[in-house]
Each structure stands twice: as structure tokens, then as C-alpha cells.
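There are 4 protein chains.
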Amino acid sequence: MKNKKAWSGRFREEMDPLFEKMNQSLSFDIRLYKQDILLNKVYSNELNKLGIISDEDLNKIIEGLDVLEKDIEKKGISIFTDEIEDIHMGIETLLVKKIGESAKRIHAGKSRNDQIATDIRIYLIDEIKEISILLKNFLESIVFVAENNLDIIMPGYTHLRHAQPLLFSHYIMSFFFSLERDYERLADSLKRISIMPLGSAALSGSGFNLNREKLRKDLGFKYISKNSIDAVLSRDFILEFLSNISIMSITLSRFAEDFILYSSEHFNFFILSDKITTGSSIMPNKKNPDSLELTRAKTGRILGNFVALFTVLKSLPSTYNKDLQEDKERLFDTIDTIKDVLKVNKIVLDYLELNKTIMKNSIDTLSFATELVDYLTLKNVPFREAHHIVGKIVMNCVENQFYLTSLTEKMLVSYDKNFKGIKDDWANIETFLKRRELEGGTGLNSVKKQIDYAKKKLTNNFTI
Amino acid sequence: MKNKKAWSGRFREEMDPLFEKMNQSLSFDIRLYKQDILLNKVYSNELNKLGIISDEDLNKIIEGLDVLEKDIEKKGISIFTDEIEDIHMGIETLLVKKIGESAKRIHAGKSRNDQIATDIRIYLIDEIKEISILLKNFLESIVFVAENNLDIIMPGYTHLRHAQPLLFSHYIMSFFFSLERDYERLADSLKRISIMPLGSAALSGSGFNLNREKLRKDLGFKYISKNSIDAVLSRDFILEFLSNISIMSITLSRFAEDFILYSSEHFNFFILSDKITTGSSIMPNKKNPDSLELTRAKTGRILGNFVALFTVLKSLPSTYNKDLQEDKERLFDTIDTIKDVLKVNKIVLDYLELNKTIMKNSIDTLSFATELVDYLTLKNVPFREAHHIVGKIVMNCVENQFYLTSLTEKMLVSYDKNFKGIKDDWANIETFLKRRELEGGTGLNSVKKQIDYAKKKLTNNFTI
Amino acid sequence: MKNKKAWSGRFREEMDPLFEKMNQSLSFDIRLYKQDILLNKVYSNELNKLGIISDEDLNKIIEGLDVLEKDIEKKGISIFTDEIEDIHMGIETLLVKKIGESAKRIHAGKSRNDQIATDIRIYLIDEIKEISILLKNFLESIVFVAENNLDIIMPGYTHLRHAQPLLFSHYIMSFFFSLERDYERLADSLKRISIMPLGSAALSGSGFNLNREKLRKDLGFKYISKNSIDAVLSRDFILEFLSNISIMSITLSRFAEDFILYSSEHFNFFILSDKITTGSSIMPNKKNPDSLELTRAKTGRILGNFVALFTVLKSLPSTYNKDLQEDKERLFDTIDTIKDVLKVNKIVLDYLELNKTIMKNSIDTLSFATELVDYLTLKNVPFREAHHIVGKIVMNCVENQFYLTSLTEKMLVSYDKNFKGIKDDWANIETFLKRRELEGGTGLNSVKKQIDYAKKKLTNNFTI
Amino acid sequence: MKNKKAWSGRFREEMDPLFEKMNQSLSFDIRLYKQDILLNKVYSNELNKLGIISDEDLNKIIEGLDVLEKDIEKKGISIFTDEIEDIHMGIETLLVKKIGESAKRIHAGKSRNDQIATDIRIYLIDEIKEISILLKNFLESIVFVAENNLDIIMPGYTHLRHAQPLLFSHYIMSFFFSLERDYERLADSLKRISIMPLGSAALSGSGFNLNREKLRKDLGFKYISKNSIDAVLSRDFILEFLSNISIMSITLSRFAEDFILYSSEHFNFFILSDKITTGSSIMPNKKNPDSLELTRAKTGRILGNFVALFTVLKSLPSTYNKDLQEDKERLFDTIDTIKDVLKVNKIVLDYLELNKTIMKNSIDTLSFATELVDYLTLKNVPFREAHHIVGKIVMNCVENQFYLTSLTEKMLVSYDKNFKGIKDDWANIETFLKRRELEGGTGLNSVKKQIDYAKKKLTNNFTI
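Protein chains in written order, with our numbering: chain A, 123 to 586; chain B, 123 to 586; chain C, 123 to 586; chain D, 123 to 586.
Next comes chain A alone, as it looks inside the complex:
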């Protein structure tokens, strides 16, 4: 029989090539070759301690793996022959080719079940660190933009209708605080990712008395898995990651949606750089915010990856099932996607121009209506009545196209006598801002405090 699978001993017939194609994971788990080589080095060292691998063999193995790492880096998948199922068998096979029989000793007492679970955890820890750096870079751009546009005024929206004025710096800082939580979720998740499964073998634990504590240290894990069954079958750490990135993508979809709106002709608050926009194949007039639209769209892709793996895992029996092979492509895709998104949106921010005058002038005077309500409230009119009175004033303005701020004391008093004595500056933007210096409010000092907090956080606490 031509079948060269490492496990072919008990099989009479070869795999059908159609199944072989579906079954193989090498085309995507090749991404884990560094992690797998690291693991094999550390593990071979332990087998040496246990007397299963001789000193001489160990040297050959380590050197062989070193060469192999460079070879794969250079040649990629072309280095492997067709019948290779996955990166583990791929590396073992190449190593046998390179150093001979010594290589046949490296799989003693481990299984691909604990090996892949270990590889992917090492990989994911590294990627989370990279993502957190990209996120930090993006947040630094947010803070930079906020600080450099501290007192720019813009309309604030609820239900996409003018609500109350905002400082642009306050607005843009809202993304900092959303994304800070997205960062914290990633940081928290490491506790559950940095757990070493190695030593669990297929499901019941290795038959050799491995020093798992030593393996843990050498591989850079924080914890050791406490139950071998749980260790080989659990993919909750990938689900948690996919979910965390999904939730982050929701924040970024708000960013994209806002920026698409605010840079559209009808708002015209923001000017987007040519660097991150595109044109049309037919209409020479177009300058399209493709970077932001793609950012918005990636939210769907990222959710899809979570749902895909979730549904894969639903109602799988204990312990390892081949279904778990589906975890990797979804994971890799989410990682690649969020990294692109974070990089590109940093450019969006870094080259953002504000149409400051348009932003300020867009503030609808009706946005100060709540100030009138508060005025009456402070004059002891029950809030709900004050609200109703001002509602009538607003209706009058809308129907007769008055500016709310142009109403004189006299006109106001005709609605309610408590307006008697009201000063002109009640609906002044300065007054409005000053009244909102409580923590989290859109007052200038409040925003400065937010920025100070952010800068400190970015300096001290943003290393995973």
C-alpha cells in the first residue's frame, strides 16, 4: 500500500483523494509552524530528561528543527508533499527526511490533540499582543486628534436628529472609552488562554511522567491545564476571542458609520484623505469612503466567524472530535481582519481634516431647548411642566421657522411668566458647555480630564 500516513498501520485501504483534500489542514495550519517547532524542541528536551531521547538524538532534533524553521519560512507550503495531513505530521515527516530515525522519537507520549491545542494557544497569545499594540496605536491617534481639536463644537445626535451640542473632542473620546473596554476584555481573556494543555495526550493524560511545570515555563504559559479531557476538547478560549473581537468590531462599525455620515456632502464635517478613499470606474466626480465601508462590513465577517465556530461546537460529545479542525480558519480570518481594520482606521484618523466652521454652524438652535427647560426647573417649575411649555415653544419655532435663540424675554414670558428676567446667554454655547463640567460631561475641563486619564492609561497600563 502506498499510504504513507503516520497512523496507517491498521488500515488496508488508502484514503480517497477527495476525502484527503477535505481532511487535510496543512494548507492553513502551516501558519502554526513556528509554534509547533518550538513545542517539539521543548518537548524533545523533556523526553531526553526521561531517557526516551538520547543526548545525541536530541542534538540532531534541535538542529534539524532549526533548519526546518528556516526552510519553511523560505519555501512555504511547497516544501511539503501532497499526502501530508497537517503541520504536526508535516514537521515530523520533514524531520525524518532530514535527520533520519531520531525524528521518529519525538511524538512519544503526546498526541496531536494536546499538541494542536498547545500550538494554537501560543499563537493566539502572540496575536493578542500584536492586536493590543495596534489598538493602542489607534487609541493614541484618537487622543491626539482630541487634544488637537479640544474646543471644536459640533452638533450631537440622538436618533440621527440634532439633540444637543457637543465638543468634538468629547465625541471622539467616546471611542476611547468603548475601545478601552474592548482592550480589557482581551487582557482578561489571557488568563483563560495562557493554559498549557501539553501532557494531556489524546484525552487521558500522557503515559510518561512529564514535568509539566518545566514544559509550562519553557513554552511561556502562565498555567497548566488541570484536567486532560477538558484540555483537549475545549475551544471556549477561541470563542471568547472571536466574541471579544466581534464586540470590538461593533465599536468600530459605529466609528465607520459616523465617519461615513460626517464626511458625506450633507454633513460635510470631516474631510477624508485621498489615502483612504477611492474613485468610481464610471463617475469621475466620486470620492468614496471605501476604507470606512469595508470597516463597517468586516463586522459581519467577524460575527460570521464567531457563529461558525459556535455552531461547530454545539452539542459535540466528549472528547476530541475532528469537527474541532474548523476552529483555525475562522480564527485566522478574524485575526487578519481586525489587524487590517485597526491599521487602516488609524490612517483615517491621522489624516482627518475638520470643517470646523461648518460643524459649529450646523448646530440647530433648537438644540438649546433643554436649557430653557432647566431654566424653568430652577425657577421651581416642575420639570415635566417646564418640558411641556418648552415643547410648545419649539413647535412654534418649527412651524414659523424661528430660531429658538432669537426669542426675546417678552416672547418667552408669553409662554410662562417664570421666564421673566432671563438673560440672553441662557442658550449660549459657552453657557451650555459650562453647565456640563460634571464627570463625563461635554464641558471643556471634563474633556481635558478624560484626555489626561487616557494618556496615563496608554502610558502605563496598556501592555498585555
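The hints are simulated quantities; they were obtained by calculation from the structure and are not laboratory data. Careful, some of the hints might be misleading.
Since the list gives no way to pick out one identical chain from another, each pair is judged satisfied if it fits inside one copy or across any two copies.
Said to hold, decoys possible - As a list, the in silico SDA-like pairs of lysine to any residue whose alpha-carbon atoms are at most 20 Å apart:
(1) Lys397 - Arg134
(2) Lys313 - Ile586
(3) Lys570 - Glu335
(4) Lys182 - Asn502
(5) Lys478 - Glu387
(6) Lys482 - His388
(7) Lys482 - Asn390
(8) Lys182 - Glu507
Starting from the known structure of chain A, arrange chains B, C and D on it as the hints suggest.
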């Protein structure tokens, strides 16, 4: 400026390379090159009729496109330079290189918006036809297996507990009828896919008076889109396809789950071929049903693709938005996946062996309890009372480890006098089957009729 | 033992009350009481034909069920006692109370497995008919609004940037054509819903020789299920419905998104009626488009229902499993939701006011850039060059704040000599529209044809 | 105008009743009445400090709210009139009815936007505490069952095929370690939930200088929101919760799947209590594991809720949009579902019986094949060769129906001379277990350590 984008006229600055990487779709929409080339041929012909492309230019274009098609087939993506955004610009650019200025005329009056919508519809129609052939092949295997194992008896399950006996042929034919509906859904969807958007241009319709009826015929569509806005923005036809395949994958996940169970040591009804099973890297005893586990898992992947595109489309404003670019990778992945799954599971069926004796002997005699109830019912005992009486008999069997079929008339009469005169064959498998010859029942003739229906359907009505 | 469950014969212990609460479905499947009563009448009639129910009993049963139907209509769930599991047991139990022993005969030869599958199909057919009527009503409003605003001009958008002008009537009719396909999907699905499972019993077919053809006619189904296993376990028809409504909700989310934008202060194209807007508890100035925001949000809810049931069904083994009980709440919720959405959005349309002047005046003159390109193309300039030349003109306009339409022949000729002789009306909206009278274009006659088509379709072909 | 909405000042026309029905949230947010009343008390106190509410009014308000809380507890939704939109307006309206004008003062300086975000966070914190107690109870049952069945042996499975033996206690403890992480996720999430939005008002911060630190303390929050925009629009904390419960439900779906399998006739390892099983309406023989099937199915429902809210939130612009109203029903449903699931599955465990002999006897002797491989490996045969040799032995056993453990030294030596001298106990279960005493392995002492860890954890660290 080095920027060579076809739309670069109004831009001062070049795209950032990070954004360029995120923005390009060539790496995946290259898959549509044949469709795009066909479209360009047919469309250039129409521009020729309108006097926009001369006869001489047309000849050059057609010949150039023919050569290009072969070039791309041979060299793949390596034929394109880095700044190419998508397959449309790719083909236009290469054509310009090959035949010069004539190629710069082909985009008149069309937009990438209607072009991509047209390309992808042509592509999808072809793929649905291929999928329906693979599905037909799989169904033929089902019918073959049913016909060749017509009278094999096995336990039927509800709640994964023994319920009533079944003919294996009846059981396996249940997949035919599920998948027949999955096929019908695909067939129905063609009405909504075979609609030509070409002529809709960017959103408002082409400025040239194209003969859309001629374009339709030449491209092989059934219908012409009736509203240009709807034509360029709608992706419901892709959602419908992704959903149809998702629903089909649910049927296949049942197939996989059953086959995993029935081929496990505890059931031992089915023997799976070595061709579609694998071994373990550590445990030499293992023979694992990876093909079926992957089939089961692909259900998640396929759902993920639907959810991804659905979420992308949610609340997009009119008309075309770049978000739509996310449709293709999810579509292609679902197409590739279902084709693999159908091919591999046909092999599962074609090499299936049955442990017929074990299947038959596994029938729990308690599975005939309903026959006793029916017996009493026919003796005028109200059904609900009969059910309760037999429930007591069952409890006695369970607690005392009797076979239900070993109960004598006397013992039965002690529960209810109406059992007086009951013959031994009341709980005989032959009697059981004969009592179920109504349409859709598990009786032998009923199953033969099902098979006859299926064979006729497969012969006459399975061409999309 | 107090346990009064109909199937309690073989059980020693009672259900735990916590499980009883989780297990019961009466609180939601009570919605199917009419369908269940109808089924019981038709089925009892058949049992009478088979001699299992006497004429006298049959009369009692039919009369009892008639009374029961009215009782349930009046008193709702309060009519049932606590231990009732589901509507089937509920009706049988109440009937026994009302008419005594005769009622204990009605369940002979059927199972809750085929009964619920039959009930829910009858129910769903009815609901689809209702939904299609609501959809028709909504489409009639679209056509009405289109016809009454035939020649209103507005900007058309791609990437939420001004692209080319559109007729409002063309724009609004785009929803007709999207929703027409959504309707067709529902219509097509009926083939797969109107299949009667009754007679399949638990899984293997009824032990009594039922006349299924007669049952089919009496229950109003088009087809009879052909395989009892498939009949009791398949829920693909519910998935298909949930998916069809999901896809419809995507169209409606576009409607909502557009209307939110177009009625916002920055666009100010549409005025929404007070009837479907709300105010703020704190800001008296607000008038919020809550109806549209909820419409947009319901898309998520409706998708969630599809995903929920899909994931429930994934990898269930044959045949019936209790998991299937989860189908109903998700189905009912989607039905209720889409009906509300269709009703409320019809009001949105019926009371819509257009700010026609603002719509027209919002057209950016750059939107005519493609006309200039086409002009050059007709003068034999290769399209791609023409596009580039006009791109330069656009850039000049943007940077110097010119109106594109204010460029004189002389200025144009300075970009390209082929502009020599160009008339003033090249970028006239009238010319623009006239150039787009091809099928599906935004030309006036093209839109009239769309409306004519729609009116005919609504009159003749919109009855499921 | 009859319109009694609190914000009706600027509106001419009443809401359409169809929209009113769709718009209202009282039917579900009534669940938050206690939280809303608490908030109003604490907030009124603060308004009193600021001089906006007099001492006398404050007393009336507090007393009124106390009475109201009892009224709502007693009468439920019937206490509210039809036009009430939500719980906030409901409570204000009832309070006005009860105590008159004083009640009209309570909404000064707050908005429903910050109010609902505060209410739901208080509510969710409480519910997470309840869920963590239910989870703790379930985990205690796991540990109890493990400790009381410490040395029961069963087959372990990969790919649902016999792999290697396991201690049942090791197997059942695997759920402890999975669920421990599910618990930790909930615990971690509290940092992001226990943040008080109150004081953010509609979006820009309250116009009154509220002492937010005092409000925080009185409401029991850990933190104060730092940016008012982020505070009113963010629902990531709900997504995180829905995701955390989803991930937990995957663990529980494995529990359910295993228990369904292991209690089926073919495995017959577990006997399920009558308390959590059901019968069939037609087949008196059935005893169905409905509790476990429903547990498995709820996974879909819980995922659906996450997907629903996720899709709702995707690409919402800043700041509050009515779409957010869709968060509550999905949240409540997930909370109710997981609580039922945890309660019922505790009963499953507490009344579980083991068929210990069957479990032990089911161990396939081939499960010891890896021991043979390890034996050779220790004799210096390279692992991969040893694996291949034993594969051949296994094939021989399978094809000739030998027990692997019945092979004599002589027979083994015929495969490889290194088997010379092998003792009989190499494939003994005792040896197998002893070889797996490394941390996390299935050895008896290893499992004891796991149990010790779990007991300590449950005693000390399980209070959120």
C-alpha cells in the same frame, strides 16, 4: 503621481498601501475572470452596434480577450500587477497592454456596479448547476443503497431511544426526501438569480441606449432587471443561495450524526470504508469517521457565511456601498464547501457496509409496545386507556427484565381481559411492517413506491 | 402517584416541578389550538371510517371540540390546569372532562410527532397568506407614492455620496422590485410547507390504514408526505420561512435606513408624520423616527430567530428529538414582528411628505460629470481617457469651488478639444433623464413602465 | 389632542395605535420596576441636595415610590394605562397620580437614555449574582458525584470511538474545569457592567451639577462612566454577557449530548431519573431524556439572542438610537433560559445512577494499544515505528476478532522482538491509571487533586 488607478483623475494623493491591501478584491474576484471576459465581449459587441466601438476595434478587443482568458487560466494572479484593484480593472488594464487604446473604450456606459452584479450572477448560475449534479449523484447513491438493502431491519429512534423498528431502506430514503426539497429550493431560486443587471450602470441606468434584450440573450439570462437601483444594490439572491445551502447542510449534518453513531462501537450497525476514515497519531487502535465529523462541522461554517453577509447588508443605505464587496469570499467558500461535502459523502455511501444481523438483533422488544396498544384499541378499549395499560406492562418488563414479546396470552390477560385470544404474531416484525403500508410508512411496498418515485424523479426532473 | 401525564404508565416517579416548567410548551403552543382542533375533527372522522370511533362517539367528539374552541378563545390559557404539557394533551384532557371516555379514543394511530408537524404547517400556511396581504398593502402604498410623485428629482447616492440624479419615483420603486422577490420566495416556499405529515405517527407510519388522501383534502394540504421519518423530523420548512422573512427584513432595513437619513435635518428631503414619530423625555426639541429605527432593529431580531433554530437543528440525529420544541417560539416571534413592521411602515409611506424643492436643489452639479465623459466618448475619445480628463475637471471644480455646470465651452475645450461645440444642455436634468429611458433606467417613461408592471402584478398575481 | 405622552408638547398629531403597540416597551421593561424605583429615590435625593426638590416633595416622592413598588409587585402590568410607553414614564405617571405635582420634578436633569442604561446595569449585576449561585450549586453536584464515584472506570472516546479508559470521576470533573472558566468570564465582566451611566443625561451630560460619586455609592456601582456619549450608547456589556452565557451553553450542550448518549440503550452507562424524563403519547415503552434535549436545544436559543442584539448594534451611528430598545427582550430571555437550564441539570446530576459494571465491561481491549506502543518506546524503539508495529497488531485483532489483551508474549514477539519479557499486566487498567498520575491525568490521585482544588475553589472563591 504614480497612482495608476483608473479613477485617479480627481485625486492628488496615492492610496496608502495598507488601505490598498484591504481594498483590493482581485485576490478573490479573479475567480470571475471567465464571466467578466464573456461580459466584456458581449458588451463590446453592443457598443459596436451603437457606434462607440469600431469594427476594427471590436475585432482587436475580442481577440485580445480570448488570448487573455488563456493567459489568466495559465498564469493565474501572477499575471496582474500590484496596484490592480479588482478583476474588472485587471482585465481592462491587461487588455490595454495587449491591444492598446481600443481597450480603453470597453467601459463606456457601464459601471463596475452593474458589471460585478452581472458577473456574479452568471457565475452562481453555473455553480448551482454543478451543485445540483453533485446532489443528484449523491441521491442516486442513496436510492442505490436503499434498493440493494430493501428488507434490512433496524431499530428506529426518537430522542435517541429505541422507538419502533424501521426498514433500513425506509430510513435511508428519508434523506432523499429531505434533499429533494433542498434541490427544489435551489431550482426555485434561479428565477431570482437569472436576472441581468447589465445596463444599470452605476445606479441610474446607462446613458447609452443599450439593447438589453440582446445582451440578455447573449449572456444567457432569463430576465432583465426592471429597476437599475434595485439591480446594483440587491444581494438577496446571494443570501437566498447561502441560506438554501445552509438548510441543505442541516440535512447533511443529520446524515453525518446518524452515521457517526451507527458506525460507533456501541451501535456497530455500519462499517465505514478505510477510504473515508483516519487513524490517530498516538493510538494505533483508532479508526475515526473524520469525513462525517467534517461534514457535520461544515454546517457551522456554512451558517457563518450566511450570517456574515446578512450582517453586512443590514441597514445599508441605497444604493451601491463598498460593503457589498464582502459578498464574494463568503459565497465562494460556501460553494467550495458544499461541493466537497457532497462528493465525499457519496463515497461514504458507496462503500458503506451493513452489519445486518446486529441491526436486526438490536431491536428492543419493547419497540412493539404500540402494537399492543393498537390491539386493545381495535378491541374497543379507548386508546388512552390502552396506552396506560401497556405502560404498566412495559414497566413490569423493564423492572423484571422480561422481553415484552415473551409475555403469554395469560399474562397479558391479567392486565386486560381484552387480550384474550391474542395471537403470537402480534409483535412479530412481519406483522409490524405489514401494518405500515400506508403512504410514507415503513412497510415494504410503501418503501418500494418511495424508491420508484425517486428513480423517476432523478431520471426526469433533476436538471436545473 | 399524582402524576397525571398521559404517558405516565411506565413511570414510578413524578416530574420535578422545575423540569415540568421547562418542559411544557402549552404557554406558547396554545396559539395552535384552532389547528389542533381542526386536525382532531378531521382525524376522528377518519377513525370513525375505520371503525375505531363509533358514530355516537364521533358526534360527541365533534360537538365537544366545537365547544372547546369557543372556550379557549374566550378564556385562553387559564382554562388549562398546571400539569398540562402541550396543546395536544391540553385538548384531549379538556375533551375527556367535557365528554368523557369517547375522548380517550382520538389519539389512536397518531402521535404528537406527526400531529405537531401537521398543526404548525396549517398555521404557517395561514400566516403566510396574511403576511402576503400585508406586503401587498405596503407595495400598493409604494406604487401610490411613486405614481403621485412621478417627476420629483433627487440626488442618487453610492457610498452615501452624491452619484447621479434620480427620479424619486424610480428610487421608491426600487423597493417594489426587491420586495417582489421577497414575495416570490414566500410563494415558492408553500410547495414545501403544504405537505401533510399526518399518518406518519411517531416515526414509522401509523399502524392503522388511514386514508391519507382524504385527510389531506379535509385539512387543505396540497401534498402528502412520502416518508414518515422525514415527515416527523424535518423543520426545513420553518428554516426556509425564517430565512425568507430575514431576507425581506434586509430590504426593509434599507428602507428604514434611507428614510432615517432622508428625514434627518441634514438631508431634510422627507417629513415624517407625527403618527409614527416620538419625542424625548428631556429634550423638547426632538422628533424621532422610532418607527424606522425599530424596523431597522427588528432585522437583528429576525436573524436571531433563524440562527437560533438553525443551531438547534444542527447535527440532531434521526428522528424526532425534543429539541424540535424550540421551533415554535422563534417562528411565532418572527411572524408577529414582520406583521407589525409591514403595518407600521405602510403608515410611514401613507403620510410621507416630500420637501420637493430641497430634494431638487440638493443635486450636486458634479453629479453630471459622467455626462461629460459620455459626451467625449461619443466624440470618439476612448472612454477611459474621457474619464480621466473629466476627473481633472472635477478636481478643478472641487478645489476652486466651481459648479461643474457653470463651465463654459471655452473652459471645457481647454481640457480637451473635443468639447468644441458642446451645448449648454449637456448637463441639464432633462437631458440626463432622457438619456436613461432604457429598461430599468431612471427616465420618466421607464419609471412609468415600472409602475404599470407593478400595478398589473398587484392586481393579478399577488394571491398566495 | 388626547395624546398624553410626556413629550407631546411639540406634536400636533397622535401616534398611530399600530405604531404605539410596536413602540411601547412597558410589556417587557416592567421587569425593571424595582431598579427604576431605586434609581428615582436615589436621584430625587440628589435633586433635593441641589435644591430642585424640596424636603417636603422629597418625602412625598420617597413614600409614593415605596407604595408604588408594592402596587406593581401585586398588580403587575394591569396597573398601567394603555398609552404608557415604558417603565420610566409608567412610574412617573403613576407617581403623579398618587402624589400630584411633586412627582413632575423627578426627571429634571436626567434622560431616559441614561436612566435605562443605569436600570439595566443594576438589574444585570443582580442576575449575574443569581446565575453564579446556580452555577455554584451545579458545580457542587458535579464534585459530589465525582467524589462519590471516584474509582468507577469507563471508556473514553475521541471521534465517538473508544480511545482509552477513563475514571468516571475524571470525566465528570472535566465539566467543572470548563464551567470554572465560564464563571470567571462572568466575574471578569462585572468590571465592565458595574459602571454607572446616571448623570450622562441624553448624551452630553446633565446640566445640573450632580454629585455622581454619591449617586454611585447609593446605587451600589463600582465605577462611574467617564464619557457621557459612550455611557448612553454602549451595549457592549450586554453583548459580553450574552456571549458569556452562549459560551457556557456550549459546555452544557456537551454535558447534554454525552448524557443523552450515555443513557441511551446502546451505551446504557447512566440511568436517568423519572423526575427529568418523559414518555410518549403513542409509544408506552418510551422514557425520553427531554431535559437534556432541551438543554442542548437552548444553546441555539441563547446564540440567537446574541446574534440578534449584535446585528441590531451593527453600524448604528452615535449616540442613542431607538434600536437599542431591542436589547432587553433578548437579555431577559437568555437570563431566564440559563437559570432554568442550570436548575434542571442539577437535578439530572443529583439523581443520576451509574451502571458501573456495564461501564467497566464496555472498555474495548484495543484501548490499551497505546500502552503497547509506550512499552516499545521505552525499549528504545522509535515511537513512530512502535506505533506502526502496534497498528499491525490491532489490524490482526480486528480482522480475527481477538482481544488485544489476550495476546501472549510469544505472539507479541512475532511482531517485534522487543516485546520479549513483557509482563501480563502491561494492559491492565490499574497499570494504565497508575501511568497517568501527572497533573491533569486520569490517575486516581490526580483526580483526587482535581476534586480538592474544586472544593477549595467552591468554598473560597465563588462569590461574585
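Against the structure, the hints come out as follows:
For the identical chains of this complex, Lys397 and Arg134 are inter-copy neighbours only, at 9 Å across copies versus 60 Å inside a copy, given an alpha-carbon limit of 20 Å. Taking the shortest alpha-carbon separations for Lys313 and Ile586, both the intra-copy value of 11 Å and the inter-copy value of 17 Å come in at or below 20 Å. Proximity of Lys570 and Glu335 under a CA criterion of 20 Å is satisfied inter-copy only: 19 Å between copies versus 48 Å inside one chain copy. With identical chains, the CA atoms of Lys182 and Asn502 are at most 20 Å apart between copies only, with a shortest distance of 17 Å across copies and 88 Å within one.
When the C-alpha separation of Lys478 and Glu387 is checked against a cutoff of 20 Å, the pair qualifies both within a copy, at 15 Å, and between copies, at 18 Å. For the identical chains of this complex, Lys482 and His388 are neighbours both inside a copy (15 Å) and across copies (14 Å), given an alpha-carbon limit of 20 Å. In this assembly of identical chains, Lys482 and Asn390 lie within 20 Å of each other by CA distance both inside one copy and across copies; the values are 11 Å within and 19 Å between. Taking the closest pair of Cα atoms, Lys182 and Glu507 come within 20 Å of each other only across two copies (18 Å); inside a single copy the shortest separation is 86 Å, beyond that limit.
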